[in-house]
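Peer 1: Got chain D sorted already, so can you dock chain H onto it with the hints?
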Amino acid sequence: MKAQLLHIFRNTPFGRETLLESSYFCKTLEIEIVVYIPRTAKFLMYFENDVVQVDLDRSYLTSPETAETHASEIIRSAGLEPQFFEPQDYTASTLPDIPTHFDYMCCPRSIVDLSSKIGLGYLGPRVRRIVNSARFPVYIPNAVFKVWKSVAVFFGGSVNGVKAVRLGQKISQLSGFPLRVFTQLEGNSREGYESVVKERQIEEAMENWTVFDSGPFQENLYEVPHDALVVLGAYGHGLIKQLAFGSKMELIQSVLSNSMVIVGPHCGT
Amino acid sequence: MFSKSKSPSLRFLLARGISRIDERLLLITIAIFVGACGGLAAVLLNRLLLDIQHILHPLRTYWYAFVLPACGAALSSLFLGHVVKEGPGHGVPEVIYSVSKRGGLLRLRSSFSRLVSSALTIASGGSAGPEAPVVMSGASIGSNIAKMFNLNDRQRVAMVGCGAASAISSIFNAPIAGIVFSVEVILGEWTPINLIPIAIASVIGTEVSRLMQGNQIPFAHHRFHTSLLDIVASVGIAILAGLSSVLFTRMLNKTAEASHRLVRHDWIRAALGGATVGFIGIGLPVVLGEGYDVVRTILENQYEYGLVLVALGALAKIVATSLTIGTGGSGGIFAPCLVIGSLGGLAYYRMLDFIWPSIPWAEEGFFAMLGMAGVMSGALQAPLTGIFLIVEVTGSYAVILPLILVSAISATLCHYLEPVSFYYERLVSRGELLRPRTDARLLADLSVSELIEKDAIVVQEDTRLGDMIPLIEQASRDSFPVEDSKTGDFLGLIRLDDLRPFLFNKNLYAAIIMGEIMDVHVPRVSPHDDTKAVLELMDHTRTESLPVVQGSKFLGMVSKLTILDRYRKELIVESCQEV
Chain D
102 MKAQLLHIFR
112 NTPFGRETLL
122 ESSYFCKTLE
132 IEIVVYIPRT
142 AKFLMYFEND
152 VVQVDLDRSY
162 LTSPETAETH
172 ASEIIRSAGL
182 EPQFFEPQDY
192 TASTLPDIPT
202 HFDYMCCPRS
212 IVDLSSKIGL
222 GYLGPRVRRI
232 VNSARFPVYI
242 PNAVFKVWKS
252 VAVFFGGSVN
262 GVKAVRLGQK
272 ISQLSGFPLR
282 VFTQLEGNSR
292 EGYESVVKER
302 QIEEAMENWT
312 VFDSGPFQEN
322 LYEVPHDALV
332 VLGAYGHGLI
342 KQLAFGSKME
352 LIQSVLSNSM
362 VIVGPHCGT
Chain H
233 MFSKSKSPSL
243 RFLLARGISR
253 IDERLLLITI
263 AIFVGACGGL
273 AAVLLNRLLL
283 DIQHILHPLR
293 TYWYAFVLPA
303 CGAALSSLFL
313 GHVVKEGPGH
323 GVPEVIYSVS
333 KRGGLLRLRS
343 SFSRLVSSAL
353 TIASGGSAGP
363 EAPVVMSGAS
373 IGSNIAKMFN
383 LNDRQRVAMV
393 GCGAASAISS
403 IFNAPIAGIV
413 FSVEVILGEW
423 TPINLIPIAI
433 ASVIGTEVSR
443 LMQGNQIPFA
453 HHRFHTSLLD
463 IVASVGIAIL
473 AGLSSVLFTR
483 MLNKTAEASH
493 RLVRHDWIRA
503 ALGGATVGFI
513 GIGLPVVLGE
523 GYDVVRTILE
533 NQYEYGLVLV
543 ALGALAKIVA
553 TSLTIGTGGS
563 GGIFAPCLVI
573 GSLGGLAYYR
583 MLDFIWPSIP
593 WAEEGFFAML
603 GMAGVMSGAL
613 QAPLTGIFLI
623 VEVTGSYAVI
633 LPLILVSAIS
643 ATLCHYLEPV
653 SFYYERLVSR
663 GELLRPRTDA
673 RLLADLSVSE
683 LIEKDAIVVQ
693 EDTRLGDMIP
703 LIEQASRDSF
713 PVEDSKTGDF
723 LGLIRLDDLR
733 PFLFNKNLYA
743 AIIMGEIMDV
753 HVPRVSPHDD
763 TKAVLELMDH
773 TRTESLPVVQ
783 GSKFLGMVSK
793 LTILDRYRKE
803 LIVESCQEV
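Line by line, the protein sequences are chains D and H. For the first sequence, my numbering gives the first residue as 102, with consecutive numbering after it. For the second sequence, my numbering gives the first residue as 233, with consecutive numbering after it.
One chain only, chain D, in its complex shape:
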C-alpha cells in the first residue's frame, strides 16, 4: 500500500506555499497526498490514547468554492493526482473526526493562530499535541516553498533520536538525496554516542556524521545546509517539563527556517 500524507488545505497564499511544500515532499518520496478542505473551523483527531481538538483559524475556511480547484491545480502541477478526504464520522454535528491512519501529516508551525504568528519561533500547542500523540511523523513545512536537496538528521542518542535517524535514512534512500547527521555533545562523550549507534545498528546511516563538541548549539546550527530537510525526534515533554528544562526541538525549529519532519514519541517508524 502506498504511503499517504494528510494535508489540511488553507485556500490562501500561505496555504498555497504549504501545499506546494507538501506536494514536493510527496513527489520526492513517491507518496500519495490526501487533502482535507475543512468545512468547519474545528475537527478532532483520535489517537491511541489521546484525542486532540484542532481549532483552525478562520482563514482555513476562505473561499470554499475555489478551494478544491486551487488545491487540484497545485497538486497536479507537481505531477501528483489529488485525493480529497471527506469526513465520515462526526463526534458532534460541527465536529468531524479526521482519521489518524495516515503515514505523514503536514502541519504548519501553528494551525490555530493567525498567519501573523506563523513563522519561526512558535510551535502551536495543537501541533505539539499531534506530534506527541501521533503514530506518524509530522511534516512541518517552511513558510515559503523551497525545494530541499539533502536530508539533515539531529541525533541525540535517545530512542526518538534513533527513530529520527532511521526515518532520515529512509527519506534519503527514497529521495536519492545525501544524508547528514548532526550531534551536539551534551552530557555524554562521543564514545557514548558511538556505542548507541552500534547498539542500535544504525552505523550505515552515520557515514556523514558531524559532531559539535564545542560552541553554543544555536551557532553550530549554521552548519546545517539551508536546503536540507531537517529530521528530528521529539520527546513529547509536557508543558511543565518544557517550561522548566526547555526543548531542543523548540530551539531547532525556532532557529532553522528549513522544512522539518518531527518524529514523536509514539511514532512507529
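No wet-lab data here; the hints were simulated from the structure. These numbers were taken from a predicted model, which means no experiment stands behind them. Where a beta carbon is used, it is the ideal one built from N, C-alpha and C, also for glycine. Among these hints, one or two may not hold up.
[Claimed, not checked] When the alpha-carbon atoms are kept at most 30 Å apart in a straight line, the in silico DSS-like pairs for lysine-lysine are as follows:
no.: 1; chain 1: D; residue 1: Lys271; chain 2: H; residue 2: Lys785
no.: 2; chain 1: H; residue 1: Lys801; chain 2: H; residue 2: Lys333
no.: 3; chain 1: D; residue 1: Lys143; chain 2: H; residue 2: Lys379
no.: 4; chain 1: D; residue 1: Lys103; chain 2: D; residue 2: Lys247
[Unchecked claim] Label pairs and their in silico Cβ distance ranges:
no.: 5; chain 1: H; residue 1: Asn382; chain 2: D; residue 2: Asp156; range: 21 to 29 Å
no.: 6; chain 1: H; residue 1: Asn382; chain 2: D; residue 2: Gln302; range: 24 to 32 Å
no.: 7; chain 1: D; residue 1: Tyr323; chain 2: H; residue 2: Ser758; range: 40 to 48 Å
no.: 8; chain 1: H; residue 1: Arg800; chain 2: D; residue 2: Met102; range: 23 to 31 Å
no.: 9; chain 1: H; residue 1: Thr261; chain 2: D; residue 2: Tyr323; range: 49 to 57 Å
no.: 10; chain 1: D; residue 1: Gly316; chain 2: H; residue 2: Ser784; range: 47 to 55 Å
[To be verified] If you want a taste of the chain D side facing chain H, the calculated C-beta under 7 Å gives, among others:
no.: 11; residue: Met102
no.: 12; residue: Glu133
no.: 13; residue: Lys143
no.: 14; residue: Tyr147
no.: 15; residue: Asn150
no.: 16; residue: Val152
no.: 17; residue: Gln154
no.: 18; residue: Asp156
no.: 19; residue: Gln184
no.: 20; residue: Thr192
no.: 21; residue: Ala193
no.: 22; residue: Thr195
no.: 23; residue: Leu196
Peer 2: Only chain H this time, still in chain D's reference frame:
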C-alpha cells in the same frame, strides 16, 4: 532529544507497576479517584446553580425578567462555541459516541465546559436539568484519568462509565440509579469487569455529595397507601406517560431541526429559544429552571391548580424544554422528565377523581411519582434507570410494583412509536451506535486493510484470452483484476463467468483482449471503508469478493469468507473477555 536518560523515568515505573497489578484491582483503585472527582463535579454544578440563582433572584420580580433565560442561553452558547470551542447541547450523545466508536476518549475540556454552560442556562430560567451535563463532565474526568494511567480502550470505557455513574449518583444522591444509568444508557453492557468499578465509583460519588451537601433525598419520603385499584389505574398513567414521552422526544428533535434551519448563528438561536421560554414563564412559571420545587410540591400533595392548568403546565414544560435544548441551550432532560411526569400524573389523578369521585384513590403524589417513572423510562427508553431513580429520589420502595409496571409499559410503548431515544437519535441515524457484542460493533473492529488478500493474479487490459488459460490453471480465485499496462491504474475486474462463454472457442483466443470484456463498473472498496458497509455492498451486489483500491491502485481483494472468518475469531475474543 539530546540527552539520554539512564534511569527509568517515573512514568515508565508507573506504567510497569500498573501493568503488574491485577486488572480488577487496578480498575477499582482508579474508580475511587474517578468517583471522587465525578462526585465533586456534581457538587460544583449544584453550588454554581444555587449561587447564580441567588444572584438572579431579585431580578425575577421585574417586568424584563423574561430576558433572563435568553441572556443565559446566549451566554451559554457563546461560552461553548467561542471560549471552549465545543458544540452545543448536553453532551450525552458525545459520551455514547466515544464509548461506541472511540474507546472512551473524551476531551479534557469537556470535564468543565458543560458545568459552566448548563449552570448559565438553567440558573437563568432555561427549562433543562443539570444531570446530563454532569454526566459529560464525569465521563470526561473518567476518560482523562484513564488516559493518565495509560489504560487500554476497554478499561477506559469502564472509567467513562464510572465517571457517569458517580456524577448521577452524586447529583441525585442515588447510587443505584447511577450504576443502572451508566450500564443501561452509556455502556450498554453488564459485565463484572465493568460493574464492580462502576459500583465503587457510584458509592464514592454519593459519599462525596453527602459529605459536602448532607444526606438529603431530593424529594421527601412519603408513605402511600395503595390498593389493587390503584395498580390497575396505573396502566392508564403508563400509557399517558408513554405518549407524553413520544411527544417530548419528537418535539425535541423537531425543534432542533427547525431552529437550525431558521437561525444560523448559534447564540442568536439560543437567545431566541430562551426568550420564548421566558415569555411562557410569565404565564406559567412552572416551566422555568429545573423545576424540582414543583415536583416537591406535587409529591407533598400541595399543588393547588386544577386539571386544566396542570395539564397545560405539562404541555408547556414539554414546549419550553424543547425550545431550551433544541435551540442550543445547555442542559439535560432528566429534570424536565420528572416535572412533566409529575404534572402528567397529577392531571391523571385529577381526571380519575373527577370521573369516579367516590373511589378512594391513592394520594395524588403516588400518581405523580408513577408519571415521573413513566416519562423518564419512556424518554430515555431506559426502564431500569426510571424505576431505580424514582425509588431512590423519593425513598418509596413500597410502591415498586406499580413503578415497574408503569416503566415497562411506557418504555415499550415509546419504543414502539419512537424506536430510538433522544440520546441515541443522532447516533443511530449515522450508524454510529455500536453496542458491545453486536454485529455492527464486531465488524467495526475489523479493518478492511487487515482483510486484504493479495493472492489475486493481476492482468493487463491488453492480455489476450489465450494468455489467460495458464493463469486460470494456477489461480486460486475466480476473479482477475485488470490494470492499465502503462500507468498501473486499476481498470476493472474479469470474473471466470465473464470468460466462460469464450473459453471453449480457440478461434477467439487471440481475438479477445481482457480490456474488452472486463467489468469496469465493478464496485470498489477503499482500505479505510467500514467493514459492515463492505459486507452490505457484497450482499447488495451478490458478490463474494470485491477489489480494494486506493486512489487508482489495486491493493488486493476482500472476500466475504475472510470477513466472516475474522468475525468469528473476533467473537471468540469478545466472549473470552466476558469471563
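Peer 1: Met102(D) was flagged as interface toward chain H. Is the shortest Cβ-Cβ separation under 7 Å?
Peer 2: holds, 6 Å
Peer 1: The hint names Gln154(D) as touching chain H; please verify it with the least Cβ-Cβ distance against 7 Å.
Peer 2: Given a least distance of 6 Å, the restraint on Gln154(D) holds.
Peer 1: Can Val152(D) be said to touch chain H, with a Cβ gap under 7 Å?
Peer 2: Nearest chain H Cβ about 4 Å off; hint holds.
Peer 1: If I claimed the Cβ atoms of Arg800(H) and Met102(D) lie 23 to 31 Å apart, would that claim hold in this structure?
Peer 2: holds, 26 Å
Peer 1: For the hint on Glu133(D), just tell me whether its beta-carbon gets within less than 7 Å of chain H.
Peer 2: holds, 6 Å
Peer 1: Given Thr195(D) as an interface hint, is the shortest Cβ-Cβ distance to chain H below 7 Å?
Peer 2: holds, 5 Å
Peer 1: Could you tell me whether the CB distance from Asn382(H) to Gln302(D) stays inside 24 to 32 Å?
Peer 2: Given a distance of about 29 Å, which is inside 24 to 32 Å, the answer is holds.
Peer 1: Could you grab the alpha-carbon distance between Lys143(D) and Lys379(H) and see if it respects the 30 Å cut-off?
Peer 2: holds, 22 Å
Peer 1: Answer holds if the nearest beta-carbon of chain H is closer than 7 Å to that of Asn150(D); otherwise answer violated.
Peer 2: Holds, because the Cβ-Cβ distance from Asn150(D) to chain H comes to roughly 6 Å (cut-off 7 Å).
Peer 1: Need the status of pair Lys801(H), Lys333(H): alpha-carbon distance at most 30 Å?
Peer 2: Holds - the C-alpha atoms of Lys333(H) and Lys801(H) are around 20 Å apart, at most 30 Å.
Peer 1: Please check whether Tyr323(D) and Ser758(H) have a Cβ separation lying inside 40 to 48 Å.
Peer 2: holds, 46 Å
Peer 1: With a cut-off of 7 Å, does the beta carbon of Leu196(D) approach a beta carbon of chain H closely enough for the hint to hold?
Peer 2: holds, 6 Å
Checked against the numbered hints above, the structure breaks none of them.
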